[in-house]
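My request is simple: use the sequences and hints to build the entire structure.
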Amino acid sequence: MLQLTPEEWTAVALSIRVAGWATLLSLPLGIATALLLARGRFWGRGLLNGLVHLPLILPPVVTGYMLLLLFGRRGPIGSLLEETFGIVLAFRWTGAVLASAIMAFPLMVRAIRLAVEAVDPKLEQAAGTLGANRLWTFATITLPLILPGVIAGAILAFAKAMGEFGATITFVSNIPGETQTIPSAIYALIQVPGGEAGALRLTAVSIAVAMAALLASEAVGRLVARRIADR
Amino acid sequence: MLQLTPEEWTAVALSIRVAGWATLLSLPLGIATALLLARGRFWGRGLLNGLVHLPLILPPVVTGYMLLLLFGRRGPIGSLLEETFGIVLAFRWTGAVLASAIMAFPLMVRAIRLAVEAVDPKLEQAAGTLGANRLWTFATITLPLILPGVIAGAILAFAKAMGEFGATITFVSNIPGETQTIPSAIYALIQVPGGEAGALRLTAVSIAVAMAALLASEAVGRLVARRIADR
Amino acid sequence: MSIDVGIRHRFGGFSIDAAFSAGTGLTALFGRSGAGKTTLVNAVAGLLRPEQGRVSVEGEVLLDTERGIAVPPHKRRIGYVFQEGRLFPHLSVRQNLGFGRWFTRRRHRFGSFADTVELLGIGHLLERRPGSLSGGEKQRVAIGRALLASPRLLLMDEPLASLDEARKAEILPYIERLRDGLGLPILYVSHSVPEIARLATTVVILADGRVERSGPPAALMADPDLFPLMGRHEGGALLAARILAHDPVDALTELEVSGGRLWVPEVDAPPGTQLRVRIRARDVILAEAPPVGLSALNCLPATVVEIGPLDQPIVDVKLVSGEDFMLARITRRSLRVLALEPGRQVHAVLKSIAVGRRDIGRDEHLAEGHFERS
Amino acid sequence: MSIDVGIRHRFGGFSIDAAFSAGTGLTALFGRSGAGKTTLVNAVAGLLRPEQGRVSVEGEVLLDTERGIAVPPHKRRIGYVFQEGRLFPHLSVRQNLGFGRWFTRRRHRFGSFADTVELLGIGHLLERRPGSLSGGEKQRVAIGRALLASPRLLLMDEPLASLDEARKAEILPYIERLRDGLGLPILYVSHSVPEIARLATTVVILADGRVERSGPPAALMADPDLFPLMGRHEGGALLAARILAHDPVDALTELEVSGGRLWVPEVDAPPGTQLRVRIRARDVILAEAPPVGLSALNCLPATVVEIGPLDQPIVDVKLVSGEDFMLARITRRSLRVLALEPGRQVHAVLKSIAVGRRDIGRDEHLAEGHFERS
Amino acid sequence: QIRAAEVTVFAAASLKNALDEVAAGWQAATGNTVSISYAGSARLARQIEQGAPADLFISANTAWMDHLDAAGLIDRASRRDLLGNRLVLVAHGRDAPPVELAPGGDLAAWLGDGRLGEGRLAMALVDAVPAGIYGKAALEHLGLWASVADRTAQTDNVRAALALVALGEAPLGIVYATDAVAEDRVTVVATFPADNHPPIVYPVALTVERENPAAVDLLAWLGSAAARAAFEGQGFSILD
Ligand SMILES: Nc1ncnc2c1ncn2[C@@H]1O[C@H](COP(=O)(O)OP(=O)(O)OP(=O)(O)O)[C@@H](O)[C@H]1O
Ligand SMILES: Nc1ncnc2c1ncn2[C@@H]1O[C@H](COP(=O)(O)OP(=O)(O)OP(=O)(O)O)[C@@H](O)[C@H]1O
Ligand SMILES: [Mg+2]
Ligand SMILES: [Mg+2]
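Chains as they are written, first to last, in our numbering: chain A, 1 to 231; chain B, 232 to 462; chain C, 463 to 836; chain D, 837 to 1210; chain E, 1211 to 1450.
Worth flagging that the hints you see were computed from the coordinates, not collected in a lab. Each hint should be verified, as a subset may be incorrect.
[To be verified] Taking lysine-lysine and the BS3-like style, the derived pairs with C-alpha atoms no more than 30 Å apart in a straight line are:
no., chain 1, residue 1, chain 2, residue 2
1, B, K353, A, K122
2, B, K353, C, K630
3, A, K122, C, K537
4, A, K122, D, K911
5, C, K630, D, K1004
6, D, K1004, B, K353
7, B, K353, C, K537
8, D, K1004, A, K122
This structure is a prediction, so every number in the text was calculated from the model and none was measured.
Written as structure tokens, this is what we have:
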């Protein structure tokens, strides 16, 4: 059953690559945003919070369309990026990374934020009295303590990225080998008669990959949690 | 700009209803699942965890199709429900509730689970020594302590349900007044040239509703968190 | 037997294998940091399930690993004042205090909310949340919470550790009342010898997870071997005493002990009341003849029965006065100067005020100790 | 002035408005539970930003709300032993201990890791995580962690509260060494009068957020007004003393105090060393004439200068012996029997062993106290 | 440009089977490579508007091709109607009896046998997706729309409508003939006359911004005999 065609394999590989990069690249920003939202007291906090949640609220097509308008070659940001850095996102796998990352962002931020809110500031204060500045305190105390949340956020993001379809196909289309991820491939397959078997196979592969990632993250998460548990 | 047609208003009202019920109904199950996953030590824990994450990993169409297979009138569960309880989900707004709830479930469970894992079991032990059995301990100690996570999970679920499109339309299709939620309406609008304005209006409404819910939940969350913070 | 505990358990590098029985009254667990006191108490409360063990309270078996019995904590009706507070952060102080009351049958209840709050001096904190309480305030709320659950056994793990002397002095008599008035069995962990001397019916000394000694406090406190553990200046004798009369003019009370009479600062109890009086070895001066013109009011005739090791600069001299043993700590030089030796008749001189309020406890139990000891 | 603190702050129902200055040495904060000790210490550490206040340590201004100065905690180089431990749960004991060392410049470092671990007896815990440590073990690790950060000011909030006597006895001399050897200023919160009497250079007594008294411990300990706060049996005099000679045979040390000579259990310091000796009022017996045939070795001639309120059953008699004030607590009856009155010549009799190891502290500072007092 | 030697085609998703076959033939014959992005016509057209690297666009309806044409994004000279399709009424089950399509009346009456019953008529979105638009037009033409307007179950694509019928969730559905061919759980019970609805055409055109000259060749290949065979094999009609 798992006899995938080369094209399907390409889609699988691409999906993993896209989901992996999307998770990895958005992680620092996700942590920073979670920290800001959990700890920050600034004007526009509510706005930022809303913005982060937008991709969740909007139908994916709309998000994809907005990305297309903004980051497309004709879009204001897209053209800027291309001119100044030579970075093209539209219709490239990098664009798929952007789309998945944005769609997964609210999930990641929420998970990390919950973890941040659970950190006892008294421990951070203690690190301060021992000479650690904010950055060091973050690196040695806060970050390790929120690690379970970071892992949970990362795995949510990865899973979401693996399954993301609407925004991705709208933003970067469905070009085999470049932007055709598993969900797009499944979509193409079920648009025509006789594609179901292929769709099923791809679904199975997708589940397998995501489950492997899930199990790995759970294992790491438990390990980390055990280390932290002050019990 | 916010001059919606009566049909669009119907879609807005329906979306709120669907998202609201989806959130409310899945909450108890979400809490239970989160507890099981966080605290349980049973065979099949990994499986349950995987199952919960499935809707995130799968392209929404696939999830919708599976729902159709299982909960359709001809599906094993669907027919059972209809025969024994007279509950019909297919082509009903109740089906939309089911689809949104399932799509939002992984988000809800993760948030709550993180909160459960942050609860200090020593406090629950203390409640035990004071005579509270497990149920009372849960109601008086655990639940209040995980409330911020529950609220975060609920708002994530609500937002997700407001934006859910793929699984819903596949499962219950698009029946104005019954199953046509905002995302379906938006989708229909952007399929035709020149439909952008309409889509934009609906998008704005959708954002407004979700933001209101978000702000409310944040406010409640802060209140709760302040009460809990043992700082 | 009121409490019967025997457990065996192993953590990474630490293993505990301890058993003790204690009658009614207050059983003090004493031992150095890391000796296993909290572990033992947790097993009694049901929070630790030891590899092997048996716990019974007033005849009811709460744990018996061999017979597979393990009553869950919430059915044990055991109040536990934790070493680290464990107040519920989301509940107000009032709600924390009332928590256990909820689950207590009306007929089991004792102690009123108002009285407990008053005693602990936490009336002004009732609407606060525990998060911002001071260390001592938290501890007091924790005590109140456990008491108000009206348990049938009270576990207290260093309950007074971060309280000031004045507050301690207010709470100690209350614990005595619980012990005697209500007959509530108490398992009490403390590093403070004065507290233990005053409160304990039985002392269990733990060292490295094993019971090193156990018995009535009188015997243990007078055991010079244990002085290093207790801090040398706290050791001494516990005498059973009875109130003879009060002298309202000088505000003194005359006690009868087996070896004679003692004047101590007024004790608030009617003549005839049985008391326990701690006489620290450090406070006892030995004299060849009853001294005159001295502000020390008490002088008990005594006979030297034993003299501690002479290689120490300070020597513990064991005396018998009436039926009671007493200890006096003196320098080697005084020993030589007074030419003390077993059999020698001396006089034990003691200031009245050396017997402070916290050295006098009510006691119905010490008598038992008496018999066991002899 | 080494530490200069003045803060004003208001929480819901509690307001603190306290200021004190302290020279080098150890400043003890003393006061009942909820008096505001931890609040004050937090302000010094920079963890609480008071509404109004000024904090300076050795001339460096750390906080001055008026000038808008607030040095962040991590730049203050202040070691803080918290009342509740606050160990990092995700780090091993070793990592917890080493945490501050990381951030300390090499030239500022003092104390070796190995020695500190040895002193605190936590060598066997190094690879453990704090979660499963016993209460006392946690406290010891917390002390080690603060010390190993090599701070220039040490804050200790009830650091020894849950330690056993033997462990305390090991740690106290170390704190003295920090205070004297390294000249490390220390702000020390404690409810234990013996600890304060032994360690403090300055005592600040807080009540209800206000400084009620502050000054050298000798003056405060001898102040009967403060006895209720300290627990009556702990009050007494602190005498400046100098070692005259050792008697190796009896293992006694002869001290010179202003009123005469005292024999106390051997002190491990060379002749000439300045000490402080605490003489509890409860331990002093007054005699009309130097007694004979008594095991009490010390007898200082003294003059009664003042007699405490006579409406109390127990009376504090203030004596002057040489240049020093002393206190004796006696019963009203003894007062009458001995017919004491101001001006009367008496003899203060004291057992050698009443001066325990924890009553003798090294002291370069008490002399200052002397002058301030007069 | 990413792949200079590669022709990029944006094609309506329903063409996948046939077009994959045609592309394989062209690749074999010319040695060129082709990469085809299948998605809904609306998506693809919007992407071309935003500068997508498409050389050739095959739309499932004329509206989006017209839209691009108006925007000046396609090579007007190259535009032609490539394929046609038929709209059919399908019923659940292997051997549902055929029905005669006659104008007028009530749907139930129209079916004569109450086959719709309480069930719904599965269609693609009637205001948005081409198959739905055509279906609604056909029903209106027959005067039946009013009776089924609130009995439809509309999906976001025609395959989903087919799935509803295949699973028996909806007794009847309106789909393309090409979809019905390969699904053996449904029976085509009627074919809508071509004049009942706007012509179902798949227009094709080169984009203005095409960067690969081979695209012209591929466009020509779409009219070749081999290509015709492939399209017809999937049930499409060849229009030119
Ligand atoms: N989960 C555990 N894993 C390993 N060692 C443990 C664990 N729990 C307790 N210990 C060890 O068991 C010993 C006894 O701990 P316990 O808490 O009973 O001591 P304690 O007598 O209460 O000491 P303290 O007076 O310091 O509170 C300690 O050395 C402690 O480190
Ligand atoms: N955030 C706060 N809100 C309200 N009251 C507070 C807050 N923090 C402290 N307090 C109150 O201020 C008083 C002083 O607290 P602090 O912790 O300084 O006491 P403390 O002297 O250290 O007492 P203890 O010896 O019990 O630790 C207490 O009554 C406490 O309840
Ligand atoms: Mg303990
Ligand atoms: Mg405090």
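Restraint check for K122 of chain A with K911 of chain D, where alpha carbons must lie at most 30 Å apart: holds, 17 Å
Proposed proximity, K537 of chain C with K353 of chain B (alpha carbon, max 30 Å): The hint holds at about 17 Å.
30 Å limit on alpha-carbon distance, applied to hinted pair K1004 of chain D and K122 of chain A: holds, 26 Å
Given pair status - K630 of chain C, K353 of chain B, alpha carbons within 30 Å: holds, 27 Å
Hinted pair K630 of chain C and K1004 of chain D, Cα distance within 30 Å: holds, 20 Å
Proposed proximity, K353 of chain B with K1004 of chain D (alpha carbon, max 30 Å): Holds, at about 29 Å.
30 Å limit on alpha-carbon distance, applied to hinted pair K122 of chain A and K537 of chain C: violated, 35 Å
Agreement of K353 of chain B and K122 of chain A with the hint, judged by alpha carbon distance not exceeding 30 Å: The hint holds at about 19 Å.
In the structure shown, a violation is registered for the earlier hint numbered 3 alone.
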